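Undergrad: Keeping the supplied structure of chain A fixed, place chain B upon it in accordance with the hints.
There are 2 protein chains.
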Amino acid sequence: MKCKICKQPATIYLKYCGLRLCDEHFIQFLERKVQRTIKKYKMIDPEGERILVPLSGGKDSQSLMYILKTILPEEVQVIGFHINLGIPNSSEKSLRFINKLQDILGFELQVLDLKKEHGFSIQDLYEHRISRRPICAICGTIKRYVFNQEAKKRGFTKIATGHLLDDEVTVLMSNLIENNMDQLVRGGPMLPAREPNIIARIKPLYEVSELETRKYAEVRSIPYLTESCPYDVKASTKRLKKVMKHLEEIRPNSNLSLIRAYISSYKPAFRDHFTPSMGSINECACGAPTSGETCNFCWIKTKILQEMGQVE
Amino acid sequence: MKCKICKQPATIYLKYCGLRLCDEHFIQFLERKVQRTIKKYKMIDPEGERILVPLSGGKDSQSLMYILKTILPEEVQVIGFHINLGIPNSSEKSLRFINKLQDILGFELQVLDLKKEHGFSIQDLYEHRISRRPICAICGTIKRYVFNQEAKKRGFTKIATGHLLDDEVTVLMSNLIENNMDQLVRGGPMLPAREPNIIARIKPLYEVSELETRKYAEVRSIPYLTESCPYDVKASTKRLKKVMKHLEEIRPNSNLSLIRAYISSYKPAFRDHFTPSMGSINECACGAPTSGETCNFCWIKTKILQEMGQVE
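Those protein sequences? They're chains A and B, same order as listed. So for the first sequence, the working numbering puts the first residue at 1; every next one is plus one. So for the second sequence, the working numbering puts the first residue at 1; every next one is plus one.
Everything labelled a hint here was simulated from the structure, so no lab data went into it. Errors might be hidden in some of the hints.
Any copy, or any two copies together, can satisfy a pair, since identical chains are not distinguished.
As the list claims (entries may be wrong) - Only pairs whose alpha carbons sit at most 25 Å apart, straight line, appear in this in silico DSS-like list of lysine-lysine:
#, residue 1, residue 2
1, K69, K152
2, K15, K234
3, K158, K267
4, K33, K267
5, K158, K33
6, K15, K238
A quick note: this is a predicted structure, and the numbers were derived from the prediction, not measured.
If we strip away everything but chain A, and leave its shape as in the complex, we get:
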């Protein structure tokens, strides 16, 4: 098994495109691939942007940071952002791995402590079940809110997240099964800004698989937290992800192919045919957009602080 480029021994076989590569040429291949994704979807203006990269200490966000710092021109500021979620054990470890990556790459890091800033932690939410929604869904709402609000406040132009092909194709499949048109007309590698309050979100690893990210992190010696969050992802999402892996095994390239067909054909057809059920958009007291009177975050915050006896 020889590298397609240099004929040295290959260390990885990418079945989806039939390529055998050595470490060096794999790194080159992957970084170019991400560069092409960024260009194809016009994710980043090379003349200058200020990009917030949410870091959890995990493989995906650490690798994204590494790649962005490596491939983007100096005009683009790439700044790490970490939320201390206040999960015992896990949160301290997360920060340690982010600091290790900082030692290697030397990027600016901003940290927000959820408990100090908003009066509650994810641990508090775990202990006081305030709603039937799974804890992961609530945590997701909180993170998206905080990233967006802080990005706005701190003058960022984009938020770049570490979502991988495997995540994205799983969500797509779930939305296709459930005829979730609200999501199907919106999804994709780039969620545009919406005035006045929503910062654009980009997913530079949209076409990169978990296998590729793992290999990249290994070859680049990227430090990352291997333990998953103690509250972990929804089991049903995990199982669906396994099915999509199974699909990819029996039909290499099907994940990428499906996601590309969605972007190039299905999503435009859905947008044409369906008007998203936007309803009226109001502004929450905190400034965030909401379909009701209060945004989800403020609802959660009020509820948990009440439960904890912090407010009447």
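TA: Coordinates of chain B only, in the frame set by chain A:
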């Protein structure tokens, strides 16, 4: 485990809808389900039709025949049609099982011998590889052609095939992965007639799973050929079918849900957005529509007869 209806011991658990049923109530449930499918998609005019049911002797077409003969009013003529494909061993057995079903149900059966009628058998096609297309694909083209031509000639109004949910969701998934828009705008439980030459095709078992058909055949003691065709289906289709089964296991009802979302939302959006690449439709010398000068069937026929030294 008790039957939801009569509280007697249940013999099947339908996970996708959470129903436990005894033999008797399962039969009732399934026949009503097919009746609803026929009504929902306006497949059959109860005032009178003449329906051709292609029979292979296998589980699906035998069950379809049984159900149709059981649930349709007398005004609807249901007539079996069998093509003797000339596959050694297999073809004789097929006819024997169809005759057994005839003994039970007493339907009219018409038989066409491919070799006698057109001068070649599927065995001949297997021995003389005339193209790179898999033998199953060629056989499919031939069967569709013969059913359509004979239905027209013999005064049928519809062709009802035994395609099951498991088949349909597999084809749908494959088309979604491959962005096969030509097929995506056309697929579904009912392929309408196209003047002057195409007879409408209906799939009354469109929402019925393999598990349900197997159980139905067992309880109704329907005789059927269990051996599959010696040339068998494409391995890649089989593997994809397995993935869709895996999906159904971890997320019950997802197959039905996906196929229904496709019919109600995706297909209309695709039809709106994309014009099928019809090109110009010409008439082949045999009367069948074709995008070129000769239809696929006539191309195959000419080629195989040449190979066999039957024509210059």
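Undergrad: Would you mind marking each hint as holding or not holding in the structure?
TA: Hint by hint, here is what the structure shows:
Only within a single protomer do K69 and K152 lie at most 25 Å apart by alpha-carbon distance; the minimum there is 22 Å, versus 67 Å between protomers. In this homomeric assembly, K15 and K234 come within 25 Å of each other (Cα to Cα) only across copies, at 21 Å, whereas the closest approach inside a single copy is 29 Å. Taking the closest pair of Cα atoms, K158 and K267 come within 25 Å of each other only inside a single copy of the chain (23 Å); across copies the shortest separation is 35 Å, beyond that limit. In this assembly of identical chains, the alpha carbons of K33 and K267 lie at most 25 Å apart only when taken from the same copy (23 Å versus 33 Å across copies).
Only within a single protomer do K158 and K33 lie at most 25 Å apart by alpha-carbon distance; the minimum there is 20 Å, versus 51 Å between protomers. For the identical chains of this complex, K15 and K238 are neighbours both inside a copy (23 Å) and across copies (20 Å), given an alpha-carbon limit of 25 Å.
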